[in-house]
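Novice: In case you want the letters, here they are:
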Amino acid sequence: MTTPSTVPSRLDFLGPIAPRWCLGCGYFGCFKELTSVFAKSGVPREKFVVVSGIGCSSRLPYYTKTFGFHTLHGRAASIAQGIKKARPDLCVWMVTGDGDSFSIGTNHMVHLLRRNPDIKIMMLNNQIYGLTKGQASPTSPIGTKTKMTPHGTDVPPVNIARLALASGASFVARAHDKDGPFLEEILLAAQNHQGSAFVEVLCNCVSFNDGAFQSLTDPNLQAQSNIKLRLGNPITFGAQSEKGMALREGELKIVDASASDILTHDPTNSKIAHLLANIEFGQSPYPFGVLSVA
Amino acid sequence: MKHSCTGTDNITIRFAGDSGDGIQLAGDQLALAATIDGNEIMTWSDFPAEIRPPEGSLAGVSSFQLRIGNNRVFTPGDMADIMVAFNPAALKVSLPYLKKGGALILNEDTFIPAGLEKANYKTNPLIDNSLQSSYQVIRVPLTKLTRNVFQNIGKNTELNRKEIDRCKNFFALGLVSWITQKPTRLFEGLIKTKFSTKPKLIEANLTCLDAGYRYGENGEIFGTCYFVNQTHNQTQLIETKTRYVSGNTAMALGLYEFAKRSQLKLFMAGYPITPATSLYQDVAAIDDDCVETFQAEDEIAAIGAALGASYAGSFGVTCTSGPGLSLMLEIMNLGVMAELPMVIINVQRAGPSTGLPTKSEQADLLQACYGRHGESPVIVMSANSPADGYSTVIEASNLAIQYMTPVIVLSDGYLSNSAENLDETQNIAPIQPVNFYQELQNFKAYARNERTLARPWVLLGTPGFESTTGGLEKDNPTGAFSQDAENHETMVHLRNQKILRAAQDFSPSIFCGADHGDLLIIGWGSTFGAIREATLQAQKEGLSVSHLHLRHLHPFPLDLEKYLQKNNSGEYKFKKIVVVENNLGQLWMKLRAEYLVPATKLNQIQGRPFKISEIFDYIIKQLRRSS
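Protein chains in written order, with the working numbering: chain A, 1 to 294; chain B, 1 to 627.
Be a bit skeptical, because a hint or two may be false.
Here are the simulated BS3-like cross-link-like pairs (lysine-lysine), alpha carbons at most 27 Å apart as the crow flies [stated by the list, open to error]:
1) A/LYS85 x B/LYS260
2) A/LYS47 x B/LYS444
3) A/LYS32 x A/LYS243
4) A/LYS228 x A/LYS243
None of these hints come from the bench; they were simulated from the model.
Please construct the entire structure, taking both the sequences and the accompanying hints into account.
Specialist: As structure tokens, this is what we get:
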């Protein structure tokens with residue numbers, strides 16, 4: 001039942017079961033912003049379908065009051081495409097995780113992005129396998145020690161944004177779980193995008209990978225470590241926006257914000273988008289926002 | 001030479017040649033012509049796994065066998081009456097399929113040292129007397145004669161030497177059409193259709209066909225021609241809408257028919273795999289809004305898309321072969337738990353692993369019934385002949401919707417490629433347009449239909465019904481996810497019972513003979529033809545043999561038990577029961593497990609269909625021993 005006002009609130013999208021993630025899990029924030037976006041989208045509740053794979057991320061459909069399908073590890077992309085082909089009138093959101101979509105599910109994810117159906121993807125990246133209690137994921141930094149990899153992982157992690165772009169994705173964005181308003185902004189942009197909209201959200205796993213994103217999400221460190229990209233805005237960062245990015249000799253360089261060639265963010269510039277995507281996790285500053293729109 | 005023309009009930013012809021010789025095309029054209037002429041036919045394609053093996057090699061031999069009859073023919077024939085071998089390798093590989101005394105037509109132009117060596121012949125069989133005593137050997141300079149045709153017509157046909165040589169299959173076809181008394185006019189429309197995009201070949205092939213026919217008629221190479229009476233006259237053919245179809249095509253037509261009657265959109269997702277690919281392609285060729293096809297990146301994606309489409313209110317279908325079925329089992333299991341309708345067609349091939357991709361086998365039965373993890377029952381059916389594929393998929397689709405479950409349809413390579421006449425106006429069980437559930441009051445997602453135990457199918461997007469389903473166990477009857485112990489046991493039983501209930505809606509099994517006797521032969525799938533002919537032969541000789549052919553492998557049909565029971569005096573109705581299969585005994589195992597009957601088994605796992613004689617000889621052995 002909708003509340004007696006003309007605009008739905010996110011409460012209308014809350015299902016009968018409260019989320020059961022660990023206290024302090026980054027997914028609570030993601031769930032809040034996603035349901036806000038549903039409410040703001042103008043799409044009637046019954047027209048949403050939330051499709052997930054397997055993992056803590058993928059429990060999300062049970063918590064929304066929409067149609068939902070909790071499918072299989074790595075296979076949400078296949079099933080979501082079938083749903084969208086059968087019912088182009090429905091708004092299909094795929095909720096997945098780093099292991100679900102970039103280990104077992106990589107194949108289907110690449111082909112989904114290549115085909116570019118109108119499916120929105122929220123990929124919750126906590127750089128660990130949480131539901132199975134702490135194994136390395138394809139996004140875990142090299143050297144990650146777990147019970148399954150006691151000597152540390154020996155391969156570099158997948159660069160998610162670069163792989164998404166290489167697959168032909170028409171919308172690639174990144175956010176994290178400690179800047180709610182910015183996350184909502186990005187999810188809303190994904191909601192409104194015509195075509196596949198891929199959003200990577202860095203989320204803290206309090207139980208098995210606590211603090212992995214500390215340097216990016218700590219309120220005192222965000223200004224220095226996050227580049228918040230916004231269409232039409234200069235690409236700057238820092239507590240006083242004192243630093244920025246310029247394109248010099250084909251590379252992105254960190255320069256003083258007073259430089260004349262500070263870049264203005266244009267996500268349709270695929271050259272810049274690829275350069276931004278090539279910034280590896282661990283480098284600082286790290287770009288957030290809509291990197292690429294094709 | 002004066003020709004005699006003999007009437008016969010049926011005749012079996014086998015074409016064999018190099019993969020590049022157009023063997024399949026020639027055989028196919030003859031089969032089509034025989035159909036147009038009102039005969040019953042059954043065909044068998046036997047070709048290599050590679051696309052184009054080295055010319056003249058043993059590995060490159062491609063064969064097409066065809067039986068033309070005036071009554072229904074159940075098999076393409078154990079042995080050919082007439083064989084055409086285009087080269088030594090084809091002779092080597094195919095000779096075992098020619099009956100003693102049969103006519104052996106050889107292209108003598110290819111029996112040169114190079115060709116003989118490739119076929120491992122130390123001496124030339126044309127001249128070393130190895131063939132003459134057992135067969136009627138007819139040497140035809142096929143390559144030369146074909147080239148002469150083009151010289152004689154003196155026209156510039158725009159064909160190069162290679163294209164001219166390739167027309168020899170139509171010359172050979174012309175010769176065989178004279179032998180079988182199929183006038184060349186029967187082929188005209190077929191050739192024009194087949195080569196509509198290559199017009200220069202139409203005249204070339206028609207000319208070669210005609211020349212081959214006259215070569216038989218005027219020449220002295222062949223004394224006898226054969227005439228098979230028609231089963232159907234032309235009016236009958238048009239009224240019954242009979243057409244000559246392969247097993248794969250028949251299934252494609254059946255799926256389309258179901259989509260039209262049920263008013264559901266057919267969503268067929270697939271991934272290429274021999275021998276299922278042409279089934280998918282036949283559906284893809286249908287130009288109708290109620291049919292959509294999707295080539296996925298792998299089998300898992302294919303069944304995923306099909307399941308998603310069913311979840312969304314379309315009718316999801318996929319087709320594959322054994323290796324693909326193995327990949328699909330996990331998502332099929334999601335369909336079992338979410339109780340969604342789907343049809344999965346498995347065109348079985350010889351395995352395990354990559355196996356023999358172009359050869360046939362029936363060894364996926366246990367995988368279909370039990371391959372999913374957990375207690376995961378699905379309905380499993382099989383088609384027993386190419387034309388039977390049509391009604392089988394219609395029944396499977398109907399059961400999938402009625403019982404909200406995945407249904408596996410088992411076909412096989414032999415059945416899929418083989419062809420016979422299909423009557424599309426045959427009686428099919430009535431299919432109602434699907435009505436989605438709309439009653440919101442007291443709605444429980446897993447409340448069950450009293451008769452079928454199926455849950456209600458709600459159309460995705462209907463307001464008020466928003467909820468999430470998935471692979472986790474469900475609470476009975478709300479459908480919320482549940483990890484409760486007793487609830488789980490209840491749900492396992494409910495899913496199991498639902499599938500067992502489906503038997504109440506099954507079409508009858510196929511039975512021939514008395515309901516008691518000395519021997520009962522049980523079969524499933526494409527062994528139908530050979531078992532049926534062997535049984536009829538045995539019955540004609542006064543032997544007490546019956547044949548039961550199952551269309552349903554899980555659950556077993558309700559009409560099975562009565563044949564396996566004991567009568568009032570405590571004896572089994574049949575003294576012996578044998579299960580005939582192209583595997584090591586899978587139906588045999590399941591029957592023994594569920595009915596405790598002392599059935600024995602007759603198996604052949606050579607990638608080919610049973611010969612009638614293999615089964616008939618077994619019958620004789622069994623009954624002689626016990627008498």
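Novice: Each hint: holds or not?
Specialist: Hint check:
Using a Cα cut-off of 27 Å, the hinted pair A/LYS85 and B/LYS260 holds, with the two alpha carbons roughly 19 Å apart. Proposed proximity of A/LYS47 and B/LYS444 is supported: the alpha carbons are some 20 Å apart, at most 27 Å. With a CA separation close to 32 Å, the supplied pair A/LYS32 and A/LYS243 exceeds the 27 Å bound. For the suggested pair A/LYS228 and A/LYS243, the alpha carbons sit about 12 Å apart, so the restraint of at most 27 Å is met.
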